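Trainee: The lines below spell out each chain.
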Amino acid sequence: MIPAAFAYARPTTVEEALQAIADGGEDVKVMAGGQSLIPVMRLRMAAPETVVDLVSVSEMRGVRDDGDALVVGAMTTHHDVLVDPLIAEHAPLLVQATETVADRQVRARGTFGGALAHADPAGDLAAVALALDAEMVIAGSGGRRTVPAADFFVDYLTTCLEEGELLVEVRIPKLRGEWGVRYEKFNRVAQAWSIVAVAAAVRRENGHIAEARIGLTNMGSTPLRAQATEAALAGADASAAAIAAAAERAAEGTSPTSDLNAQADYREHLARVLTRRAVSAAAGL
Amino acid sequence: MSQITVRVDGVTYTDEVEPRTLLVHYLREQLGKVGTVVGCDTSNCGACTVHLDGAAVKSCTVLAVQADGSEVTTIEGLAAEDGTLHPVQKAFHEMHGLQCGFCTPGMIMASVDLLKENPHPSESEIREGIEGNLCRCTGYQNIVRAVRQAAGEMSAPETTGAQA
Ligand SMILES: Cc1cc2nc3c(=O)[nH]c(=O)nc-3n(C[C@H](O)[C@H](O)[C@H](O)COP(=O)(O)OP(=O)(O)OC[C@H]3O[C@@H](n4cnc5c(N)ncnc54)[C@H](O)[C@@H]3O)c2cc1C
Ligand code: FES
Ligand code: FES
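These protein sequence lines map, in sequence, to chains A and B. My numbering numbers the first residue of the first sequence as 4 and each following residue consecutively. My numbering numbers the first residue of the second sequence as 63 and each following residue consecutively.
Next comes chain B alone, as it looks inside the complex (with noise of 0.2 angstroms):
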């Protein structure tokens, strides 16, 4: 076993993992975060991702271990503490960019990654962006359409807030 500290949407935990446990187990089953999800044997659908250290990775190809001293953020440490959803999972609730969801926390895990190095992508930026992300529901349309919506959102003036 080997002792790991990582900090995980927003919390510290320190814990005993055996160094072949992948990070996705870790999160679901030491951690009980089962928002995130494993879609398949192959690191190809990207239902797993998660951020680490700020970049969008496939837990299921990380090792536990080699998140010690880490910072990792999933979906369910994305909406603000009050509740109030992402621009990203506002848009996905919004443009209907899911049927079942299965592959949601993924798809929006990975969108959050890309809009934060690329805030205008255009269609096919969109589309490479999440090529790391399979859905079996939706023909992606209105996931593109959510990911456009979003960045449109986020880049937008504030128009609430203190300063006037």
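Excised from the complex, chain A in its bound form (with noise of 0.2 angstroms):
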């Protein structure tokens, strides 16, 4: 129930927590939200020499509009998505998956940046950032560099990030067009993760389906696009039957695992189902 003793580090600026990782010694953990670090480091599943706490860090927190794109700071709280206007005009998707996530306490300090770089493939927030073609701006020693959210996910609670890279912030590229969105999440108990979910964002145009992004949360070791049904629908007609026939195909080029909480092929099963509830609600039907 007690971490196991550690060094602690509270910078204020990105320099600054990049020298505070580069000065940490060999096991240097950095905190966002803490609320799966601390949990993790309760049960001593993680002992770092170091903890570098990002929680001043300010330049990591915000919501700007640049454009084309929304800039997401990794330090805004899930509750701060929740309240963003930003957010809530240009990517609505987010705040839908937003809320499913665990509860009141654990989104006041819980952070989109922390829920990303721990790429749990039952986290919700992962999939919409892979939907709506997100880019992860990592900054360290070297400078930056950006990542599209395809490539930053890499496997089971494994990021593209590489020692000392700090997740700064993400890039939302804004949709243009006649969108509409639904995060379709199944869980059994309140506060749980996703058994399966889907983020679906799709845009109409005259009466049919002029293109359709569907990313599958824990139907494998990372997020996946369901690229078999967006590849049918897109062009098809805005109609049920259509949209059943190409949600059939949404487990295709997944792999989920079986665990205490679903076998493999129920997880596919719900795949089929979410996707066609959360394509229909976005298209209007």
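Keep in mind the hints are simulated off the structure, nothing from the lab. The structure displayed is predicted, hence computed values, not measured ones. A virtual CB, placed ideally from N, CA and C, is assigned to each residue, including glycine. Check before you lean on any hint, since a few could be wrong.
Unchecked claim - Which chain B residues face chain A? A few, computed with CB under 10 angstroms, are given here:
id, residue
1, H87
2, G108
3, T111
4, D130
5, D175
6, N195
7, G214
8, M216
9, P219
Combine the two chains into a complex, taking the hints into account.
Mentor: As structure tokens, then:
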């Protein structure tokens, strides 16, 4: 119940944070909201030598409009995402998914960037970042680099972040045109993680579906796009029948695990059903 | 050790803490504020809920060092100085919103936070608002009733007071 002893640093800028990580010894962990890290440290599944707490790095917090994209600071809390007018206007899919994350106490501390860096396949925000073609801005000792969401998530709890690097902010392209969105999450009890969830954004044009983007939560060791369904929907009728047929292909190319919550084949079933529901809702049906 | 200065239930404390000390342990063991309890090992139960700079948080999932410079309100700081219960405390009492009482401090702190953001929650908004708090006794029914009653009382116009 009590974490192992560690040294604690609380930098106030990205520069200072990178320095603190470099100076922190062999095993350094950065802490964002601590809502995944502190539980893991309490269970002694992590026992870092140094914790670099990002809570006071104000340049990493908040949302700004950058023309074609929104830029969301990695330290923006789930609560702040939910009340942000720019996100409500330009990335409502993120709002819908964030509403389903944990509970109000955890949302008060947990952060958007922390959830992405944690890269739990059951986490709700990674599939949204993937569906919205978000880009991750990463700072390291050699400067900054930008990585598309599709390359950021590498494996179970693993991202492309190298040791000593920080996720600083996330660029979310604004959706242009007539888009509808829906996050459909299946879980069984309050504050629970997704057994499977589907993030859908659909652009309609003259009664047709011009483009669909579908992110899948917990259908493999990383978030995935339902590529076969996306391809089947491009140019399809915005009809219940066309959407149902396309959604049948939602589990193609996925590799869900079997665990206490669900067997793999049941997860595949859920992916199909939730994709049908999410796309139908996003298409306004 | 790190030095922290925290205002807890209206009193300012300056103390030495280990960085690994959880806020809930600081409150209970260093300040003797045992009204805030620990009910789990997994950040699920919400029994440890306090307000940190006005927002409900799980104090088992915050380090004491992170509260440096902050204002903390625990269940012990909710009643008025003369002992008059907060409307949410009173409603839990009147509506039988507790049995063993272990979840109650956290339930009340989460409910106060919810009502601050949403003074007129529907029943389902109440259930979602306290989803981070588990109760193993009541079945939640009377807890939800208590929050509804408190919401009504807190938004009712003042019936007493100097201005008539
Ligand atoms: C009871 C409970 C229920 C939950 N339910 C859900 C749920 O339903 N859906 C969901 O998606 N999530 C859920 N979560 C997790 C929640 O979303 C966390 O907020 C999130 O996973 C981690 O965010 P954090 O800011 O707390 O990160 P932390 O716990 O501080 O960090 C997590 C990891 O990411 C690393 N990290 C953090 N920020 C950065 C950065 N900027 N750069 C590099 N590395 C970084 C840390 O080193 C650490 O390894 C739940 C958590 C709890 C406690
Ligand atoms: S003690 Fe259970 S959530 Fe904090
Ligand atoms: S009253 Fe016993 S746990 Fe809620």
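Trainee: Kindly indicate which numbered hints from before are broken by the structure, ordering the numbers from low to high.
Mentor: Hint check: 7, 8, 9 fail, others pass.
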